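**Student:** One letter stands for each residue in the lines below.
Protein chains: 2
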Amino acid sequence: MSAALSPLAPSHYPDLPPIEGVRFATAEAGIRYKNRTDVLLVALDAGTQAAGVLTRSKCPSAPVDWCRTVLKKGTARGLVVNSGNANAFTGQTGAQAVQQTAQIAAQALGCAPDDILLASTGVIGEPLDASKFEGVLQACLNRAAPTPWIEPARAIMTTDTFPKVATKTLKIDGVTVTLNGIAKGAGMIAPDMATMLSFIFTDAPIGSEALQTLLSRATKTSFNAITVDSDTSTSDTLLLFATGAAAKRGCPTITNPADRRLSAFRKALDGMLLDLAKQIIRDGEGARHFVAITVEGAKSANSAKIIGKSVADSPLFKTAIAGEDANWGRIVAAIGKAGEPADRDRLAIWFGPHRVAVHGARDQGYDEATVSAYMKNQEIDIKIELGLGKGKFTVYTCDLTKEYVEINGDYRS
Amino acid sequence: MSAALSPLAPSHYPDLPPIEGVRFATAEAGIRYKNRTDVLLVALDAGTQAAGVLTRSKCPSAPVDWCRTVLKKGTARGLVVNSGNANAFTGQTGAQAVQQTAQIAAQALGCAPDDILLASTGVIGEPLDASKFEGVLQACLNRAAPTPWIEPARAIMTTDTFPKVATKTLKIDGVTVTLNGIAKGAGMIAPDMATMLSFIFTDAPIGSEALQTLLSRATKTSFNAITVDSDTSTSDTLLLFATGAAAKRGCPTITNPADRRLSAFRKALDGMLLDLAKQIIRDGEGARHFVAITVEGAKSANSAKIIGKSVADSPLFKTAIAGEDANWGRIVAAIGKAGEPADRDRLAIWFGPHRVAVHGARDQGYDEATVSAYMKNQEIDIKIELGLGKGKFTVYTCDLTKEYVEINGDYRS
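Quick mapping for you: the protein sequence lines, in order, are chains A and B. Counted from 1, the first sequence has number 399 at position 399 by the numbering used here; the numbering is strictly sequential. Counted from 1, the second sequence has number 311 at position 311 by the numbering used here; the numbering is strictly sequential.
Read the hints as simulated data drawn from the structure, not as lab findings. For clarity, every value in this text was computed on a predicted model and none was experimentally measured. Hints may be right or wrong, so weigh each one.
In this list, chains with the same sequence are indistinguishable; a pair is considered to hold if it fits within one copy or across any two.
Heads up, simulated SDA-like pairs for lysine to any residue below, C-alpha to C-alpha not over 25 Å straight-line [unchecked claim]:
id: 1; residue 1: K402; residue 2: S372
id: 2; residue 1: K58; residue 2: E385
id: 3; residue 1: K34; residue 2: S131
id: 4; residue 1: K58; residue 2: R346
id: 5; residue 1: K267; residue 2: G339
id: 6; residue 1: K34; residue 2: D173
id: 7; residue 1: K402; residue 2: L5
id: 8; residue 1: K390; residue 2: A247
id: 9; residue 1: K392; residue 2: R56
id: 10; residue 1: K390; residue 2: T147
id: 11; residue 1: K402; residue 2: L8
id: 12; residue 1: K73; residue 2: R217
id: 13; residue 1: K58; residue 2: Q138
Isolated chain A, as found in the complex:
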C-alpha cells in the first residue's frame, strides 16, 4: 500500500505460533492489485469444526451467501480469501464465481466444495473472474506452511495501512491450546467498502455449536461495538476454526458452550476479538484519534449501545474529535436523537477524568484549558452517565477527518 502508516498503528506485531492442523499460503492472482498478494488459501485438517458470524446486510455478497449455507455443516477443510474484488452485487455471475472457486479449492484439497469457506473484499459490482484461481490455489497448497501468519494478514488487506494479527495461549483442563486471529478493516485510499473480515484459528477440540455460541457472544462487545463511518458492509465475515489437534495431547473435546472448562477459552476469544476490532478502528480511514465511548446508567445494555453508537456515528461529534474540540454539546445532541430513554437533567459527561457536564448543564468546575489539553491525546475516553438504570456498553470509534473525505471522495474521479 502506498498510504502512510496510520499514526494509531501498533508499534510492533506479535509473532504468531503455528496452530496444529492449519497450513496456508498466499499468492498474487492479479485480481485488482499489482505487486502484492491478493489471495489466501488456508488448509484445515479433517475434522475441523467451524462457526461464523456474517453481515446482516440485506444485500450480502455472493461469498456471504455461500458461507451462510455451508456453515450449517459445522465442519470445514479450507478457506479461500481474495482481496480487490468483493464479488458483491454481481448477480448470477457472482454465485457462479463462488461455486467455481470452491470447486478449484476442493479439487486441490481433496474434499467436497461445501467443505470450503470463502470471503472476498474490495470493489462492489465488478464481476469476479474465478478462473484466476485456477492453478493458483494448487500452487498455494504445494507451498502451504504453518507460519508466518503476517502473510495471510497482509494478503487480505485492501486499503488497510497495517496487517492485523493477535495470538493467545490458554489452558483447557490443563492442556495448552492456542488461538490465532487475523483481520482486515477500513483502510486508507480508495476503498469501495469499509469491509471487515476476520479469521480465528485454534487447535482446541471444541464442537461447532459451542464455537458458534462463543463466537456470537464475543462478537457483541467487539466487532459489533466498533464503527468507523456507520456503513455496514455487504461482506462482513468472521469465521472461527477449531482443528481439535490438541486432543492428541490430552485436551478434552467439549461440545457444551456452557462447559466450565471453557472459561479461559471464552475469555481469550473475547479478548482477541476485541483486540482485532480495536485494531480496525486504529486503521480507520483517515483516523487520527481512537475514541472509546462508555455509556453507563442506561435502562439496558442495548439501550446503552444504541446511545453509544448514536454518538460514535454523529458526524458533528466525529469532526469535533478531529478538531480536538471538547464539544460536549454535540454529545448531548447525539444522545437526544438516539430515541432511547434519556433524561437531559440527569446527564453527566466525562472526557477522560474530566467531568464537563452534570445535572443537565455545564459542570461548574469545567476548565477549558485542561479539557482542551486532554483532547490532544491520541486515545480519548468518553463516559456518559445517564442515571436511569444499570445498562452499560462501550463503543469504539475514530474521528472524521478531511483525509476520510479525500480517501472516499477522490476515488474514481
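Fit chain B to the supplied structure of chain A, relying on the hints for placement.
**Tutor:** Quick look at chain B alone, frame taken from chain A:
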C-alpha cells in the same frame, strides 16, 4: 457572515408582501455575533392561531420545552427568536431565561407571557443572558413594520450563507390569502448544531387544530425528508401563525382540516415547506451538490423513507457524490444496512436518466463516461426501484466535503 455564498444558493430572493396582522423588527442584542442582527420580535394581532412541530430530541432546548407547553393554547401574540445561543442543556438557568424573555416580550406587547413563542439557535451549553432583551424588545416593537421580510430571515441565521424566504398567494372560497415563510439551517463555519428553525405566517382565518393537522402532515415530506449530516438538533422548531385578518375581506373561518376549501392552502403550505427545506439543503455545510433520492417499489412509504435516509446519511455515499463518482455499490450497501425489506436481485438504480444497475448486478448498458458526466451536475437525482410494493418517498440531501469537516472540526481549536 464571512463565509462565501453557497454555490447552490438561489439566484434571487422573492419579495414577500405584508401579512395583515403581522409586524416585526430585528435588533443587535450582542448575544454572540458582532455587527449583525441576532434577535427578532414578531408582533401578532389578537386572535392569531398557532401550531408547531418541535424536535423529537430527548434533550430539547429550553425554548422547545416552552413552546411545547404554550402551544397547547392554540393562540399567540408574539414570537421572539435569537441566534448565537441555543439555550440548550442550560439546566434551570435556561428555563429561567425563557421565562424572563417571555415576560419582557409580554410586557412590551401587553399580553400574557404564555402568549409568546420562543426559539433560540446557536451554541449549546452556554447560559443565555435574557437581560440582554431588556429594552431591546420594546425598541423592536416601536419600530415594528410589516416588511421587509428579508430582515427576520437574516436575523435568525447562524452560519447560513444566505437567508431563506418563500411566499405564496392562493384563494380560499374566492378570497386571496397569503403565506410567507422564513427558515434558517445548516450553515458554514463553526456551528455547534445544524439547527433548523422555520416560521410561517398567513392571514387566512384557520383554527389552530386545523393548522396543526396541516402543518404536521406537510412536515413529513419536507423538513422531515431532509438530512445534511443525520444529526438531529436539540432546537428544531417550525411554527405556523394564522392571523385571520382575511376574514375581514370575506374569507370564511375554517376549523376542520379536512374542509375541501382548504385544498389550495394545503397545497401551498406543502409546497412552501418543501421549498424552504430544500433551501436548507442548498446551504448545507460544505455542500457542493444537491441530491434528491427517490425510493420506489418499497413495502410502504415509511420503508421507502428509511431506505432513502440510510443512503442519504451514508458517509461513503456522500463522499462519493462529493467526488462526482457514480459509486452505486455504496448505494447497494446503504440499502442493505437499512434493515428494511429489500431483495438484492430485484434492485434497480438510476443516476438521473441513466440506469446503472438492474436485477442485482451492473446494467449491461452501463457507460462509465456518460454517467461520470452526469455526476458533474450540481443537482443529482437518484432513483432506487426495489420492486417489492408501492411505497415511495423522496429524501433530499447534500454531499459530504472536506469543507464540512473543516467547518465542524476547526471550530474552537
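**Student:** All hints are to be evaluated individually against the structure, with a verdict given for each.
**Tutor:** Okay, the hints, checked on the actual structure:
1. K402 with S372: This pair counts as both: shortest intra-copy Cα distance 21 Å, inter-copy 23 Å.
2. K58 with E385: between (34 Å within a copy, 15 Å between copies)
3. K34 with S131: within (18 Å within a copy, 68 Å between copies)
4. K58 with R346: between (38 Å within a copy, 12 Å between copies)
5. K267 with G339: Answer is neither: 33 Å inside a copy and 31 Å across each miss the 25 Å cutoff.
6. K34 with D173: Intra 47 Å, inter 73 Å, cutoff 25 Å: neither.
7. K402 with L5: For K402 and L5, the Cα distance is within 25 Å both inside one copy (16 Å) and across copies (21 Å).
8. K390 with A247: For K390 and A247, neither the intra-copy (42 Å) nor the inter-copy (58 Å) Cα distance is at most 25 Å.
9. K392 with R56: Both ways: K392 and R56 sit 24 Å apart in one copy and 24 Å across, limit 25 Å.
10. K390 with T147: neither (45 Å within a copy, 55 Å between copies)
11. K402 with L8: both (17 Å within a copy, 21 Å between copies)
12. K73 with R217: within (20 Å within a copy, 52 Å between copies)
13. K58 with Q138: neither (34 Å within a copy, 59 Å between copies)
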